[in-house]
Amino acid sequence: MAIFSPGFRGRRHERNPDLPPGQYEEHGFPVLTAGPTQRVRTDDWKFTLTTETGESKSWSWDDMMALGPETIDTNIHCVTSWSKFGTTWRGVSVDKLLADVDTKAGYVMAGSYGGYTTNLPMADFTGGQAWVAFEFDGAPLAAEHGGPARLLVPHLYFWKSAKWVNSLTLMTHDQAGFWESLGYNMHGDPWLEERYS
Amino acid sequence: MTATVVSERRETATARTLRFSVPDIRPAVAGQRIDIRLSGDDGYTAQRSYSLSSAAGADPIEITVERFKDGEVSPYLVDDITVGDMLEVRGPIGGWLVWRPEEGARPVQLIAGGSGVAPLMSMLRTREAAGSTTPFRLLYGVTDPDRVYYSDELAHLAEHGVTVDIRYSRRVPEGSALTPRRIGREDLEALTVPASEQPWVFVCGPTGFVEAVSDALLAMGYDEQRIRTERFGPTS
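Chains A and B, in that order, are what the protein sequence lines are. Read in our numbering, the first sequence has 78 at position 78, and its numbers run on one by one without any break. Read in our numbering, the second sequence has 147 at position 147, and its numbers run on one by one without any break.
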């Protein structure tokens, strides 16, 4: 179906090949959260991983830092159609959290302070694709952007990068997280425009 | 889905309200949004999300667009598009910052900053259309009197059971005894349904506004589980 908007020019000359379909480049850093911002002190912060058999491991803030953070340079894509290029993060790869874990799980549910959840396939999670990030552009991650630590899974729409993340639960079957149960896509690949279910 | 512009109304010097007929759209819930996609005649497309301001299930549907300087889509929607023009829409989308009349008597506190009043207007119109008697209160922060959306309708609602308070951060109406200032804790304490009544609280506006208001509400003892927010920076 072809519907044209007469006289609509847009910014076609600025179109960047790194921009997924239906996205535009944003230079600010908008905030999208369903409720109040969580304020969590790193002294009180605790991160827990639970396997599909119910075994669990926990890390304090210092434990997490001791795992060896790395720098991530990446673009991010929000489902509300903005993308931000050239962001720099520091974070710990989830591969390090999963290193000694015996699991056959195909999916993971990330959980956050405040009750937010989001589900991801392990195929999109391991192998250098996801981090627990605590620094953005050289400064500690601000609370409104998910600090002290958020999940960072930049190749999927940014609602998958859970703010204030504090748990991972490994699952043998896929289950819908918060936005996924409200009509958003279970996978969320921006290049396939998997916005909604 | 194809949407056709059926009417338009200038809301302020920088904002316009557009009504669309979308024959195939599923009825919206108050607070939901739509995605709008514009296509140039060479196939270039640009997409943005807008909150619906029309009542739940209304036909036509309505949005209000604020023009952002150097924006890509908003200047077209505010200044160029005309009645009869068509564009593509998707939705309605979103199921969190929503209110349904079936939710009953629990009071509702709406807190809007600037163009964030749009989805809250949808809730007010839904209440009115459903003949609901649920207590509603609106606290609406704007920079100055010329920036108020839906002013006639808000005045009408204020005479028909809704408590409406508008506050100004830079300039107050002529003759007003108010002082220009940002909405702070003092205003929230004076002008909202008290936490003891356990209201739903819907907060929508720019990021800084929503952060300040929702932090203050938590400090005042409102239940975090009943505060629902939508923050937006400029959608250009």
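Wrong hints could be hidden among the right ones.
With the C-beta cut set under 10 Å, the calculated list includes, among others, these residues of chain A facing chain B [what the hints assert, rightly or not]:
#: 1; residue: Ile3
#: 2; residue: Gly10
#: 3; residue: Arg41
#: 4; residue: Thr42
#: 5; residue: Lys46
#: 6; residue: Thr48
#: 7; residue: Gly127
#: 8; residue: Gly138
#: 9; residue: Ala139
#: 10; residue: Pro140
#: 11; residue: Glu144
Everything labelled a hint here was simulated from the structure, so no lab data went into it. Beta carbons are placed, not taken as given, at the ideal position from N, Cα and C, and that holds for glycine.
Please verify that hint: proline 140 of chain A, Cβ, nearest Cβ of chain B, below 10 Å or not.
Violated. Min distance 17 Å.
Hint arginine 41 of chain A vs chain B: min CB-CB distance below 10 Å?
violated (15 Å)
Is the hint on glycine 138 of chain A kept, meaning its closest Cβ partner in chain B is under 10 Å away?
Since chain B brings no Cβ nearer than about 21 Å to glycine 138 of chain A, farther than 10 Å, the hint is violated.
Going by Cβ atoms only, is lysine 46 of chain A closer than 10 Å to chain B?
Lysine 46 of chain A check fails; min Cβ-Cβ to chain B is 19 Å, beyond 10 Å.
Was the hint right that glycine 127 of chain A lines chain B, CB cutoff 10 Å?
Since the shortest Cβ distance to chain B is 31 Å, the answer is violated.
Is the hint on isoleucine 3 of chain A kept, meaning its closest Cβ partner in chain B is under 10 Å away?
Result: holds, 5 Å to nearest chain B Cβ.
Is the shortest C-beta separation between glycine 10 of chain A and chain B less than 10 Å?
Where the cut-off is 10 Å and the nearest Cβ of chain B is about 5 Å from glycine 10 of chain A, the hint holds.
Would you check whether threonine 42 of chain A satisfies its interface hint, that is, whether its CB is within less than 10 Å of any CB in chain B?
violated (19 Å)
How about glutamate 144 of chain A: closest beta carbon in chain B under 10 Å, or not?
holds (6 Å)
Does the CB of threonine 48 of chain A sit less than 10 Å away from some CB of chain B?
Where the cut-off is 10 Å and the nearest Cβ of chain B is about 21 Å from threonine 48 of chain A, the hint is violated.
Once the shortest beta carbon distance from alanine 139 of chain A to chain B is found, is it less than 10 Å?
violated (17 Å)
In summary, the numbered hints that this structure violates are 3, 4, 5, 6, 7, 8, 9, 10.
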